[in-house]
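*Asks:* Read off the chains here:
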Amino acid sequence: MKVSRILIILMLVFLLALPALLSTSLVNAAIQMLIAALFASAFNVLAGQGGMLSFGHSAYFGIGTFATIHAMNALGGEGLLPAPLLPVFGGLAGCALGIVAGWFSTQRSGVYFSMITLALAELLHALAPHLKGIFGGESGVSAMRMPAWGFTFGSSIEVYYLTLAWVVVSLALLYFFTRTPLGRLCLGLRENSNRLPFMGYSVHALRLSVFMISAIFSGIAGGLLALSNEAANYVIFDVNLSAQVVLNAYIGGVGAFFGPALGAAIMTFFGYAVSDLTRTWLLYQGVIFVLVMMFMPAGLFSISSWWATQRGRHAPAVLVRVLATWIVGCVLATCGFVIIVELLAHILAQDYQSLLVPGAAWPAVLLFGIQWQPGALLTWVLPAILLVVGIAVVLLGNRQWSYAQQEQAA
Amino acid sequence: MEFFTVSLLNGTIYGLLLFMVSAGLTLIFGMMGVLNFAHTSFYMVGAYLAYSLQEVVGFWPAIIISPLIVGVLGAVVERYMLRRVHQYGHGHQLLLTFGLSFIIAEVIKLFYGNYPVDYRIPESLRFSAFDVFGANYPFYRLLIGGTSLLMFALIYLLLTKTRVGIVVRSAIYRPRMVEALGHNVPMVFMGVFAVGAALAGLAGAVAGAFYTTNPNMAIELGVLVFVVVVVGGLGSLEGAMVASLLIGLISSFSVGIDYSLADLFGLMGAREWAEGVGGLLTLKLSSLAATIPFLLMLLVLLFRPSGLMGTRE
Amino acid sequence: MTPSTPVDARSPDPADTSLRNAATADTGVDLPPVLSLHNVHKSFGETAIIRGVDLALREGERHAVIGPNGAGKSTLFHLISGLIRPTSGQIFLGDRPIQGLDARNINKLGLARSFQITNLFPGLSVYENLRFGVMRRHGLQYNFWKPISRYRAVAAQTEELLEELRLTRHRDTLGGELSYSEQRSLEIGMALASDPHLLLLDEPMAGMSREETEYTVGLIRELTQGRTLMIVEHDMDVVFSLSDRISVLVYGQVIATGTPDEIRANVQVQEAYLGAEVKA
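Chains A, B and C, in that order, are what the protein sequence lines are.
Okay, so the first sequence: first residue is 1 according to our numbering, each after it adds one.
Okay, so the second sequence: first residue is 1001 according to our numbering, each after it adds one.
Okay, so the third sequence: first residue is 2001 according to our numbering, each after it adds one.
Calculated directly from the structure, the hints in this document are not laboratory data.
C-beta atoms are modelled at their ideal positions from N, C-alpha and C, and glycine is treated no differently.
Any given hint might turn out to be false.
Computed footprint of chain B on chain A, listed as stretches where at least three residues anywhere in the stretch have a Cβ under 8 Å from a Cβ of chain B [said to hold, decoys possible]: (1) 101-110; (2) 117-125; (3) 242-254; (4) 282-289; (5) 337-345.
Work out the full structure, taking the sequences as your base and the hints as a guide.
*Replies:* Rendered as structure tokens:
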């Protein structure tokens, strides 16, 4: 595993140097990416390693945020627990909620489990607005980062490094977990939980333990959000965050340890990069997710394992050519699809609709620096062609690949 | 008394609505082992389609055409999406339907906006069925309940009395054997999925006019439907009926109850203390009405993990 | 792996083969039987599958259960191992009643079983499959603070087990990628890994060729030294060569119990099961 070790070190170096390369707003984006990566990795302990798909993980993240916010307010920032260490309360809150919710959820397995996790998160979501003392009502709860250890934590850069430290340590602990007896049994739960009782194990207790570990680190991630945002609001218990982490993890690939983190980083980055398209960004996420589920079931990370296994059988040039074909096809199809969706989004928006005058031509839409006339045929034909050509190129790549495989087998 | 009767009626009808939607879900799960996360999305699509069609063809044609379109959508989803990922297991299929529900919600928001639309009951149907202690009871509510009962009867008869029904029921237990006997099982699966989707669409078309039609209706109802199937037991139509009615009635009654735990403590003379503590103790049941189904689910999990009428896993 | 000392006091030498001799099976008869079933019934709804089974396994013996298909042999195993609970009757492990206990507790009391349909962890290595069984003996199930590789005893015992199963060369092969008979060996190994006092093997030779069967019989003989074995099998050669005593289960009842010779000679058994022609 030498290559992966080098890659990890390179990644660490890159992350350490990042603030020097980015503007402040992008540093904030990087902080969110780190938090999302940790949350996705914590989620993966349960979903990818334990085989238990949770649709309500925002509960443990959110409770961590609130616990840390309250800790930030309650503790002045002196003594044993200065601000930087406060996410530990997030972890504790996640642990407590994880034990209670996990006890109920792990009574069942499979789809029942998933449904129960969703319902429990919704329960919390419905309850939170009423418990104003804890969750602060519509305006939420806010706090301030107090200085500690000579840092003021006033700038994004300092918060970035603090978050980075927490995330690196947490990921290291999560990786370590996979090497422990419980971590290995976690895989056993996924592979064949039916056999475990006959080997003397309590499946419910094991599942609960794994759930707890996942909730602890989700809570820590939530606590990091509290530190960076200095605020917490009950909308965090929304189903959106739970959905987001599921999307991130599976797009990245739950089979590999870093898969979910990768998926989370990419998705969060795109979320920031295309923030002016946020209305449609969620649609794109859903489409990416469904396409990955259908055509790359092991997630984006599987590209690296695909490369690793195929390198032994094919020349790198062949692989690169096939990969390039696929990528070009995807890019073309994406362009076509995005143009169509963006045009639709603009045309169907209320402010555009109000400009319409019956009988007159529809006004042009400004998109990517070009004026598109909705009435003109070319406006729709061009992206349609892009989409079709893109798909054709992908299919060409498929044909190249099967050809290469046939050649190799011969 | 008025409160009791009205709540009883409302609760029953709401329960019947829940049943309409969860019946399809539980049937599809029983047959294909797939929990269709997008089932309530079909419900939502049915409502929106009926809303759009209503302006073009009128209310009754819209109510009929909309489910048909949703049924076709269901067939397409099964044939080209679910079937492809069948090889990766049930969890994968669940995730796929989850992604699909996501996409459907976003497409709805794209076309109709991220706010409720004004899908209303046509004037012709806005009369009262009867008087309840001086108040009018809307006919349309009864229409919703009636549709649900009709649907239940139809499904039941279809499954038990027709040849198609026998094939479907056999395919639940022994799909390969049924295939060996010459029946086109993939077609059966597609048909059941399409019918399930169409039923959800019908429920949406009918109920959307009465309750609000908005992009969140899929997830709001979806969570409740999941609670119904956990409480009632997946794969059990009777369990779904019992659980739906139970949840419908409880939700309906609790909305009107303005008592809180503090009142309970008041019976023992500890009201002031309870109000001093605040928080959960002073919350009125009516505010918490939305959480009661979940608490019911937790209770069931504690005492009867396989559901009220489910069998052990 | 040397078996742990059985709970009740008994013959000091586990390799003492005198117990294998059916003629001296009476030694040890004053000890409580390792496993005993008393009038066990099991019905599924209206259908009675087990209709009053009495059975007693002696310390250290190899006891085969044979019978026509549908006789209830697998059901019997499920009842003993805790997968299902008897409608009535009692099952004792030593002097402890175990009917109604769940599978986990029964395993902790020293009983382990294999499955007729291979039931491994397909995505994990052979080593890992076996290690799970070993880990529980060391009480490590909830340990999340120390890497498993640090536990030398666990590693050593797992390696030893690999050796005994002759699967060392497949140490890192995924369970799902083994050949069928290797999977069956692993299946037995997983039951052995918890170092049970009583081992239940459910048709371990199902689907094997002649060579594979002979090989596995030899393996089973080695592995069950010093343990008590209950085995369900259809292959009569295996049954007659491997077992000390045989019980014949027909329609949920034991119609005969005895040494292989006694069973061969038993008229009822011949009629019900073996037919007129009996393999010598």
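*Asks:* Tell me, in ascending order, the numbers of any earlier hints that this structure violates.
*Replies:* none
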